[in-house]
Amino acid sequence: MEHSPQAVTRVLIRAGEGHKSAVAELMPMVYDELRRVAGDMLRRQSSGHTLQSTALVHEAFLRLVGQTEVQWESRAHFFAVGAMAMRQILANHARAKRAEKRGGERERVTLSEAIDVGHGADIDLLALHDALERLGELDERQCKIVEQRFLAGMTNPEIAHVLGISTKTVEREWRAARAWLGAYLRGSEVV
Amino acid sequence: MNPELHQRAKQIFLEVCDVAPTARAIFLDEQCAGDSVLRAAVEALLASDSDPIHQLKSIDAPAIRSQLEEFIAGAQSGSASTPGVSDPQADPERIGPYRIRRRLGEGGFGTVYEAAQSDPVRRTVAIKVVKLGMDTRQVIARFEAERQALAMMDHPNIARVLDAGTTEAGRPYFVMELVSGPPITQYCDAHKLGLKARLELFASVCQAVQHAHQKGIIHRDIKPTNVLVSTREGRAVPKVIDFGIARAMDTEAGAQSLFTQQGQLVGTPEYMSPEQAVGGWDIDTRTDVYSLGVLLYELLTGTTPLQLDSTRRRHPSDLQRAICDVDPPAPSARLKTLGDSREQTASNRGMSADSLQRLIRSDLDWIVIKALEKDRSRRYETVNGLVQDVIRYLSDEPVIARPPTASYRFRKFARRHRGPLMAGVAMFALLVGGIVGTTVGLVRSQEAEARAQTEAEIARAVNNFLNDDLLAAAAPDRLGNDVSMRRAVELASEEITGRFNGKPEVEAAVRLTLGRTFRELADLNRAKEQLERCRSLRMETLGGQHADTLEATHELGHVYVQLDRNPEGEALFREAHEGRMRIFGEQHRATISSLYELSVAIGEQARYHETEELMMRALHACRRHLGATDPLTLTVIRGVGVLHSTMGQIEKAGPYYDEAYQSALKALGPEHPTTLLSLRDVAVYYGLTGRNRDADSLLTQGLAVSKRVRGEEHPATLTLMASVAMARFRLGRDDEAEILYKNALAAAERTMPPGHTVTTGLQAALAGMYAHQERFELAEPLFLASIEGRERNLGPLHPLTLQVISQLVSHYRTTNQADRAAPWIERLGTAEDQGDRSVGHSD
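Protein sequence lines, in the order shown, are assigned to chains A and B.
Each step along the first sequence adds one to the number in the numbering used here, with nothing skipped, and position 48 is 1471.
Each step along the second sequence adds one to the number in the numbering used here, with nothing skipped, and position 162 is 171.
Since the hints were derived computationally from the structure, they do not count as laboratory data.
Here a beta-carbon is modelled for each residue, glycine too, at the ideal position from N, C-alpha and C.
Just so you know, not all the hints are guaranteed correct.
As the list claims (entries may be wrong) - Stretches of chain A that chain B covers, calculated by requiring three or more beta carbons in the stretch to come under 8 Å of a beta carbon on chain B:
#	region
1	1552-1564
2	1603-1610
Claimed, not checked - Only some residues are given here: those of chain A computed to face chain B with a beta carbon under 8 Å:
#	residue
3	1586
4	1595
5	1599
What the hints assert, rightly or not - With a straight-line cut-off of 20 Å between C-alpha atoms, the simulated EDC-like cross-links for lysine to aspartate or glutamate are:
#	chain 1	residue 1	chain 2	residue 2
6	A	1591	B	24
7	A	1591	B	27
8	B	379	B	293
From just these sequences and the hints, can you work out the full model?
Now the structure itself:
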């Protein structure tokens, strides 16, 4: 079912104003549109191309809201939901892949192992999922920031708004998170 | 590492970044105060920071494809439910008498739950709760109106709607059979189902919709998310859901619009028929036909016919215009424009992009187009009409949707009755090749037998001539080093004139032998020359009914048939047969031989019923009077096999071939021409039944023998080469096949009269291979040459000519030159109009 831009915008505005219930209402709308966009994108992609998860969320936003002027704060909520959706997909994927292995033990996949698979330049998804899970255990907020920045392509101010912190804090947290990810994915035992 | 440690490491890391690199070590000493674990962590962070990962760019879609697909499926599939926020208010515990287990997903107009029912029966159901904003009473009322009919629907491919009601909050709900599984399009892609499997699934869906139509229920919202497929016991079971709901949900307020009052889009525009888009209540079963057409389009090409982008979706008038006026491209045309996703689309159907392109042409295009007609009176009237055409397509029968030209029906008939067209070419060449060397050796000995002592003189003279003059002619000093049998015979034949003046019988006998020899050597014109002369001599001296004259008549018949002048050959054989019947009776070898050759001559003219009748008579006579291992019996058995194959009854032919080959091998040895011919028959039979490797090895053997015994350029050898080429091609050894064909063709062009069936057969076979490889610039000239040759020699309506024309038409179609195909199609049409004599009937 299509959601009209006016309806979506209304919800977005209310979410931007801080109404928690609006965020909940936003979710199904975003999911619906993401599904549609993902379906279209999958159809258009051939196996040689990568699908940008950020592009997915962006496209979904454009489709739902279109040309309507929306405050960036509202937009941020949309994307945060998108990021969650992408994370969910990642988790499902990892679960499925794990189930394939013997006993489903959790092995840590390092970047150096992962890097040989596929096109080399892209991070293996299992490794990424592993890393995000671990980071989430150690620092929830950092994990969220990575999720929103990497999976949905949100800007620092947008992330700051959604998480209720300052932009400066986001910048610092992101730098530390990225360093941590790099170390972890490269196989460091100490982080 | 634990959260506290992590936080501390993070703090220190961030601080030390601002410190000059030279001072960092000391700073760390201070901050970490002997905690080596902490220090190691910070140092690791620092190291990583100085060489940051840039790969955090993208997620590779194919890797998460199946997850994305599950996610996309949403709704009833249950794996990608909306996570996180679980508002207690949003998920009730009970709805009416049903206990809610979990939320399955968000549907088009509401939420879907999995629920348990305990009374009157225990089962799990799906409950769709309608969103707020729709007039509950009206929705329920309308549903009630249809409930009776809905209850009567009982079809394995329809999800039953069981109940309806209102929640405490006043929202309407529907209780349905719980169906799990992804939408049909996703299912097909995930399982990489080929076209046949997809069409079969589609047919089941159609039959379900038809069932509902018969109960008076129109779905009105057929789309992939309403057709879910699950796997039961290894088979795909599609189920159509949401029957009757769309109707119940209709807003009343005058003309139905694409958007509700709140500006929400009703229905899925890509699947909406023009009459729905335009509004109004005049919906009938043909609306579902349209949506099924869209579904079929998507199953074939992976895209919907109308691709409506976001701007169009927003304005009702744009949307309407798109649905009602824009003509979508045919599926095959759409495939061409897919660009990058062509490969993916094809691999989802388990084949290469080129194969897919080839398969989705003509008939499938037409079926889809007919279902998608904007004007509903031009669509299939019923879903049944649509599914019947799909079934016809699957059975290779003409589809109704196609414009019914005669040529089309003819081709379908030919395909049903004759097996693969390429093999057909070899088949006919086979029959022709069979003329050579069948009964020559046989008759020679029979002739010797039949000759009475009183004709010893003639015999002696002939022998002398052969041995002395021929051998002398073959002497090295006369011909130099280049000695060939043919040359020797040629020279010897020049010697005859004037040699036997006053001894016409001797001359005739010698000419007969020469004629036969020339025929063996495939020098048909010289053979004809000699035999005509022989026959007229004997006519003069012995009269038309003398055994010897008949012998000459018979031999001459052979030559005419080999020259593809079959009516004349037929006349001669008939004469020979009737005469021999009168003189020797039915049981004599010579009589049977003429009978058989007569049937062959008729077969060459494609009068197969007559042929069968005569040939079976000959076979009976052989078995009865000559015995199972007699060479003539073998020849006739072989002939019956070829006849059945030609008529497309390959299963009937098999046993004959086997018998003929085995007997020939035993009775005549591996080098006998008859054995070689039988070998080729068996090989062709293998080829047609898919035993390509067996065919290849058998044929390669035979080819070697044929080259040795008959010569490298003998038509029978060339025909064998073509058979080997075909077998190699089937085994995927294209290069070898091409070389063989080319060599054979070059030899044929060199040695045979222009337009000879063997030559044109080779041209057509090679062209067919090129067309298969899509090397069309090479295929076309060969096709045309073959057709021209056959037209000239056999006539424009001869089945062999038409056969190549069919191939040419196919080729034009494949390369999108339908306009060039048109005149050829006319020709095929004319042929069929003339009574379809050209194709054997095996109904």
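Hint check results:
1. 1552-1564: Since three or more residues must qualify, the claim that chain B covers the region 1552-1564 of chain A holds, with 3 doing so at under 8 Å.
2. 1603-1610: As far as the region 1603-1610 of chain A goes, the hint holds, because 6 residues have Cβ atoms under 8 Å from chain B.
3. 1586: violated, 15 Å
4. 1595: Nearest chain B Cβ about 5 Å off; hint holds.
5. 1599: Holds, because the Cβ-Cβ distance from residue 1599 of chain A to chain B comes to roughly 5 Å (cut-off 8 Å).
6. A:1591 <-> B:24: holds, 14 Å
7. A:1591 <-> B:27: Status holds; Cα separation ~15 Å.
8. B:379 <-> B:293: Cα-Cα ~17 Å, so holds.
Comparing the model with each earlier hint shows a violation of hint 3 alone; every other hint is respected.
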